[in-house]
Amino acid sequence: LDPSYPNVAFDAVLSKNYVHGEQDFVLKFDQVLTNVGNAYNSATGTFTAPLPGTYLFSWNIRSGYVSSIVAKLMVNGTPMQATHTDSSLDKSNGFEAHSSKTAIINLQQNDRVYIENFPHRGQIHSDANGHTGFVGTLLFQSE
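Letter by letter, the sequence shown follows residues 1 to 143 of full-length UniProt numbering.
Keep in mind that a hint or two might mislead.
To be verified - Between beta-carbon pairs, the in silico distance windows are:
#1 Ser-15 <-> Ala-82: 32 to 38 Å
#2 Asp-127 <-> Thr-102: 35 to 41 Å
#3 Gln-81 <-> Phe-140: 18 to 24 Å
#4 Asn-17 <-> Pro-50: 28 to 34 Å
What the hints assert, rightly or not - When the alpha-carbon atoms are kept at most 25 Å apart in a straight line, the in silico DMTMM-like pairs for lysine to aspartate or glutamate are as follows:
#5 Lys-101 <-> Asp-111
#6 Lys-16 <-> Asp-86
#7 Lys-28 <-> Glu-116
#8 Lys-72 <-> Asp-111
The hints are simulated quantities; they were obtained by calculation from the structure and are not laboratory data.
For every residue, glycine included, the Cβ atom is placed at its ideal position computed from N, Cα and C.
Just need the whole structure built from these sequences, with the hints factored in.
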């Protein structure tokens, strides 16, 4: 391992449920399990790239009973990718559903990355066990 190589990684989960929202809002993954490099801010739900480079992000959403959730990966206010979780379509698992997505994105220093919840019906289910989470890591730094 190269000791001069920067270490940037975070893993955070929601510690409670989020109920139906009328407008887009940033999901604040408030229970931080790992925050190497301190680039994730749990108060704002935002990761700020400390270095230019290629980053990997992954998020998973668990919808509550009879809920439809759209969660978008945002970079500086621009949607990059999204997941759609709709538990009203699947009655076989207790009316809950999961979705997840992984993205590899090139970022510049100080780019802001977060998960935004699109207006939906129902709730996002989570608790201290981390049913809903957001992770990111620097794969390699660019010049």
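Item to check | Hint check for Phe-140 and Gln-81 - Cβ pair distance inside 18 to 24 Å | outcome: The hinted range 18 to 24 Å holds for Gln-81 and Phe-140, with Cβ atoms some 20 Å apart.
Item to check | Given hint Asp-111 paired with Lys-101 - CA-CA distance at most 25 Å | outcome: Distance ~20 Å between Lys-101 and Asp-111 Cα, so the pair holds.
Checklist entry - Holds or violated: 32 to 38 Å for the Cβ distance of Ser-15 and Ala-82? => result Given a distance of about 23 Å, which is not inside 32 to 38 Å, the answer is violated.
Next on the checklist: Hinted pair, alpha-carbon criterion (25 Å max): Lys-28, Glu-116. Please report holds or violated.
Outcome noted: holds, 9 Å
Checklist entry - Are the Cα positions of Lys-72 and Asp-111 separated by 25 Å at most? => result With a Cα-Cα distance of about 16 Å, the restraint between Lys-72 and Asp-111 holds, given a limit of 25 Å.
Next on the checklist: Looking only at beta-carbon atoms, does the pair Asp-127, Thr-102 fall within the given range of 35 to 41 Å?
Outcome noted: With a Cβ separation near 23 Å, Asp-127 and Thr-102 fall outside 35 to 41 Å, so the hint is violated.
Next on the checklist: Range first: 28 to 34 Å. Now tell me if the beta carbons of Asn-17 and Pro-50 are that far apart.
Outcome noted: Check passed, 31 Å falls within 28 to 34 Å.
Checklist entry - For the pair supplied as a hint, Lys-16 and Asp-86, is the alpha-carbon distance within the 25 Å limit? => result Since the Cα atoms of Lys-16 and Asp-86 sit roughly 19 Å apart, the hinted pair holds (cutoff 25 Å).
Checked against the numbered hints above, the structure breaks hints 1, 2 and satisfies the rest.
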